[in-house]
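Undergrad: Protein chains in written order, with numbering that gives the first Met the number 0: chain Y, 0 to 322; chain P, 0 to 552.
In short, the hints are calculated from the structure, not lab data.
Among the hints, erroneous ones may be present.
Claimed, not checked - Derived coverage of chain P by chain Y (criterion: at least 3 residues anywhere in the stretch with Cβ under 8 Å from a Cβ of chain Y; other residues may be distant):
id: 1; segment: 217-231
id: 2; segment: 245-252
id: 3; segment: 374-381
id: 4; segment: 391-397
id: 5; segment: 452-461
id: 6; segment: 513-519
No residue lacks a Cβ here, since even glycine has one placed at the ideal position from N, Cα and C.
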Amino acid sequence: MRLKLVPQDTSIDFFRYWKVSFGASAVAMVLSILAFLVMGLNFGIDFRGGTTIRTEAVQPVDIGAYRGAVEPLGFGDVAITEVFDPSFGPEQNVAMIRIQAQEGQEAKTPDQLAAIRAALQQVDPSLTFASVDSVGPKVSGELVQSAVISVLLALGAVLFYVWLRFEWQFSVGAVAALVHDVVLTVGLFAVLQIRFDLAIIAAILTIVGYSLNDTVVVFDRVRENLIKFKKRPLREVLNLSINDTLTRTVMTSVTTLIALISLFVLGGDVIRGFVFAMIWGVVVGTYSSVFVASVVLYRLGVKRDWSKNSGDTAGTQFGVKEG
Amino acid sequence: MLQIPMWKRILIWGTCALALLIAVPNLFYAQVERHNDAVTAQERGEAFLEEDLAAWPGFLPSFLVNLGLDLRGGAHLLAEVQVSDVYADRVDALWPTVRDQLREARDTVGAVRRLPSEDAGELRVRIGTPEAISEAAARVRDLAQPTQSLTGFGSGNDIDVRIEGEEIVVALSDAERQATDERTMRTSLEIIRRRVDEAGTREPTIQRQGEDRILIQVPGIGSAEELKALIGTTARLTFHPVVGVTSDGSEVPGPRNALYPAMEDPGTFYEVEQTPVVTGDQLVDASAAMDQNNRPAVNFRFNAQGGRAFGLYTAENIGSPFAIVLDGEVVSAPTIQSHIPGGSGIITGRFTVEETTQLAVLLRSGALPAEMEFLEERTVGPELGQDSIDAGRIAAIIAMAAVLIFMLASYGIFGVIANIALLLNVAMIFALLSLIGATLTLPGIAGIVLTIGMAVDATVLIFERIREEMRTAKGPARAIEQGYDKALSAILDANVTTFLTALILFAMGSGPVRGFAVTLGLGIITSVFTALLVTRLMMVMYFERRRPKTLAI
Chain Y
0 MRLKLVPQDT SIDFFRYWKV SFGASAVAMV LSILAFLVMG LNFGIDFRGG
50 TTIRTEAVQP VDIGAYRGAV EPLGFGDVAI TEVFDPSFGP EQNVAMIRIQ
100 AQEGQEAKTP DQLAAIRAAL QQVDPSLTFA SVDSVGPKVS GELVQSAVIS
150 VLLALGAVLF YVWLRFEWQF SVGAVAALVH DVVLTVGLFA VLQIRFDLAI
200 IAAILTIVGY SLNDTVVVFD RVRENLIKFK KRPLREVLNL SINDTLTRTV
250 MTSVTTLIAL ISLFVLGGDV IRGFVFAMIW GVVVGTYSSV FVASVVLYRL
300 GVKRDWSKNS GDTAGTQFGV KEG
Chain P
0 MLQIPMWKRI LIWGTCALAL LIAVPNLFYA QVERHNDAVT AQERGEAFLE
50 EDLAAWPGFL PSFLVNLGLD LRGGAHLLAE VQVSDVYADR VDALWPTVRD
100 QLREARDTVG AVRRLPSEDA GELRVRIGTP EAISEAAARV RDLAQPTQSL
150 TGFGSGNDID VRIEGEEIVV ALSDAERQAT DERTMRTSLE IIRRRVDEAG
200 TREPTIQRQG EDRILIQVPG IGSAEELKAL IGTTARLTFH PVVGVTSDGS
250 EVPGPRNALY PAMEDPGTFY EVEQTPVVTG DQLVDASAAM DQNNRPAVNF
300 RFNAQGGRAF GLYTAENIGS PFAIVLDGEV VSAPTIQSHI PGGSGIITGR
350 FTVEETTQLA VLLRSGALPA EMEFLEERTV GPELGQDSID AGRIAAIIAM
400 AAVLIFMLAS YGIFGVIANI ALLLNVAMIF ALLSLIGATL TLPGIAGIVL
450 TIGMAVDATV LIFERIREEM RTAKGPARAI EQGYDKALSA ILDANVTTFL
500 TALILFAMGS GPVRGFAVTL GLGIITSVFT ALLVTRLMMV MYFERRRPKT
550 LAI
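So that you can see chain P by itself, here it is in the shape it has in the complex:
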């Protein structure tokens, strides 16, 4: 008959008590957050306030639900990394090797010349003696190396060499392109992470999405623009020999040269050699400073290799100008006064102090390997987030109260049982959300409110069934048992189907919608648990105490 073994009772109440304990910190969100921040600071050995640490007792659980951007305020960016940008660099790096390889066989192949190519991932070469083209191609083919991917040696070579008419076309192979994309993405992620961390914001989310996208969510930042300024700048610093100065921006630069506008005075363009002497990759440090005229500037230092290249170049080219180029703009083009050993220098330009500070951060964290295009951006101001939390909280409390009263009016003492189950249910949702570190969004709050409404469904199914069974079954104990047994299949079918839709929402949705799917799905699990086990246990306990002859359900 109606018996539940002691170990099961302890297990059920224990689960409920645990859920309550884990959920409780969310009621004291601000205090617990201060406490947690202080603990993190303590672990990192940073400064923190004792007062903050004491805001929440350390022996209690301190799990919190993460608040989504729509509740906390902050910025969300979806960036697409232009991975093919990197192909051009790869090809440029390939050219000297190919040239040297063919020069060794100058007698047979003749002079070697690079031609412009439409596909950035291709190198087109013309040789002086077209008859020897297949031999030349064979020589270039010897340069091919196995593709190096992150998973070890990939299949195939890094370059494909083919002959098109009188030209040899060296193209990056598909495998090599893939491996390059992978590297580009990893580097981009790493650099974005470093930049966001330097800005010192709380719990940023930086995730790769799909092939070539990166999702960046930073709570608490003022606007997406700020975030974009921080991560959207490539910060590619290069030093080029200057070939000439012109005021005509449409002038076609000479072969293997490039035309860059001057940052300081519009209308001036520098023609520089495309291949840089040194690049920002070889920087080891950068910091904001003032130059001798007290203008904001950035100090930098090269690593050994960069320092040597820089020293060598300056020693050989005293008296000629060289250009410091940042993201396609000439910051300045000083004339080399003397040999600069030691590998350090200073960049001056039309900067503000803030700009130099930011530039130093960007240079320190390294240049992004490729440009990024922003596909989606969302900013939520902190006030709007707080308004949403407040409104959601009030709505949830009122909804809860109304449902509790309604259940009490409809089922009397059994309404109390249903209501306790409902309250436990909400506590469990919060406990689970906190435990798995899920993010609560505004639609997520809607999901909880919806769960409050729907959670009683299973209980109602059981109560109605018990009511029916009371008419036919022999005595209340049998009615309760039958009620639970017969309602089971309806409860499971109904909840499995809803759970399926929650799963689909979770898999297909993004951002806030996903937050909704999470709370809906968790709500289904907890409501089935409370309806089948918790209310049953309470029914049995009620029955054991009172031994009623009939059930006033």
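With the rest of the complex left out, here is chain Y:
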């Protein structure tokens, strides 16, 4: 008995409610942008400078007492959060302390750290620093810049590659889907106020790669079917292509989600935010390759005569034929 997530032959009409789904995507994007503007992102020190200290102690974390110990030292804004993870033992109580960047100074000085450590050990003598990260304002500014550049570069590279291999309408569709995914991810991070640091940028770029992977597989089939069925309306061809690739889309999403969820649950709290972004990205990316990329392609229309240009683009362009 085989496990079948998707029936053998499906003929779902994905464009039946395209106005609704497209509208929902548009509204979600607007809401994400609003959330970003109003609530802002909970930037980690990578992007705004400052110091984070991860403490481990035997006694339970008392945020009030920690704050009481650190605040008199006069480092300005101090944020303390307790960290929970199923893998922690009963005597492993972890907290994250974030201190804003100090005026006119790059990284933390040893004296300042020693002062913080001493103050916290007054509260709990067993407390140790599991990790300390300190980023000066100079570097954090550059990190923001290079993060934005890398996301834009990725989008540009995609736009160009898809345009090269397909047609410009495909390119616009793919990039619309990617922008959708990136905006929704940033929006979710704004709403949930999850810490947004350098690793999240890596996650976003991976989402770009994954979502694109999905979109390209559908588009590849669209191109093939356009050549095969020259007379059928575009909407039918698109539907056929999405249905053709549906099993694969679901299979790949499921295996990737299995792997990511395992990492989310068991991989420890250090990368949980990163994995969370990717899980979200896989879900949104799968959705967008059908309901954004294909819909854009449907609305833009596409040339139907593929015979002159590249003929049978599929299969021959890379020309790897094996005996």
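Given the structure of chain Y, go ahead and fit chain P onto it with the hints provided.
TA: Just chain P now, with coordinates in the frame of chain Y:
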């Protein structure tokens, strides 16, 4: 039809076997590491334990994936070298030459005086006879020499001389500044390397980044503070004639003098001549010792040139005090009792034994040419690193098992083929990571887990295609062939685009993010290889054995 020549089969299986062989040492990380350490010690002729050497058979490959700081624990520092610090020294060194050059023409230009300058890279000179200023400037210009850069003689002169009102301004030229920066960076790198090596830690990374930055990563060190204490100290040792002692720290020192606080008793300041008699550059050796009162001290010895200068100065100035200055603080200011020939001496101050040991290390490895500012610092404790490895390992194993079961349930016998390909895929990632000496970070582990999920994508594309072709094509052999051919363009397009993003991540990212990009990129390459070649070969082999009439895919 479905035929793969023997040489291709051997090549494909051979690659897989090789990958497995190279990846295997990573399963026995601790043993192989001990073995490798012992081998290194043996090569260097240092002491090592036979037991360690025997921990891993020598005929097997012993490549290991480097563990990143977030997994092993250690410290990471990004330092910016204040390269312009060196300009002041260059200008100071220039002054006596300029003065002598102008003194030769004293009759026409009159008395020569140095003025303070805001730009450290400039020397401002005023002469007694303003009318002769252009002649004086011309004389100074004669001192200019071609810029010496590391790539040979650069373009242009080392100094630009211009006239501003009644002052002659001698500035380091841009080319000279660049060449100086380059030298400063090289020296800084070299000295940091020496200091970190003296501390005897494992595989430190010391890299130049961009114009004026140095990245230092030292695994296994307790904290960034420790590392900073080791490399953040300039350790610039100088000996100056003392002009006077004061308790007023805000007192303005006389021209060409400097005011330094005393290390031992706060509130005392020494006014000393700014130009040192001897500097730490001329030291050839330094070691921790005890002075005659059994206080921790540092013994030092000058080279011939330094020894001569020191001997000469002490002979001429018996009875007057001189100051030993370390990084802008007066360590001690003894009175010269007698002529000190031979060029060796002792520094005493309020030191602990550890401090003298460290100071000796710092003096031996030389002073940093310029100060460093730390822009970024990260410390990961070894326990946290181990926790991350454990969590990552468990997550990867569970993810793997779940995906294997899922594939088996979905594709039956072909699921087995997909699963073998997946396992080989992970082995290949590890083999490649070990071979190129890449560093595995926590996001890197996430990249591998993500690859486990995504690697089946290509295989699924092919299987689904074969399934479709089974409905139209004539017989399973044709279906398999068609399946692979038609899935090819989708697989390549999909993977090229993902690879592009991995490349961008690698180019723009740093540290852990880069580690993620590396595993993601390698994962794409290996998954395309296993999907297109390995699964195909297995399909063909299965087909040859069974000759099925239909494919239960």
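Undergrad: Against this structure, judge whether each hint is valid.
TA: To see whether the hints hold, each was checked on the structure:
no. : hint    : result
1   : 217-231 : holds (count 5)
2   : 245-252 : violated (count 0)
3   : 374-381 : holds (count 7)
4   : 391-397 : holds (count 5)
5   : 452-461 : holds (count 6)
6   : 513-519 : holds (count 3)
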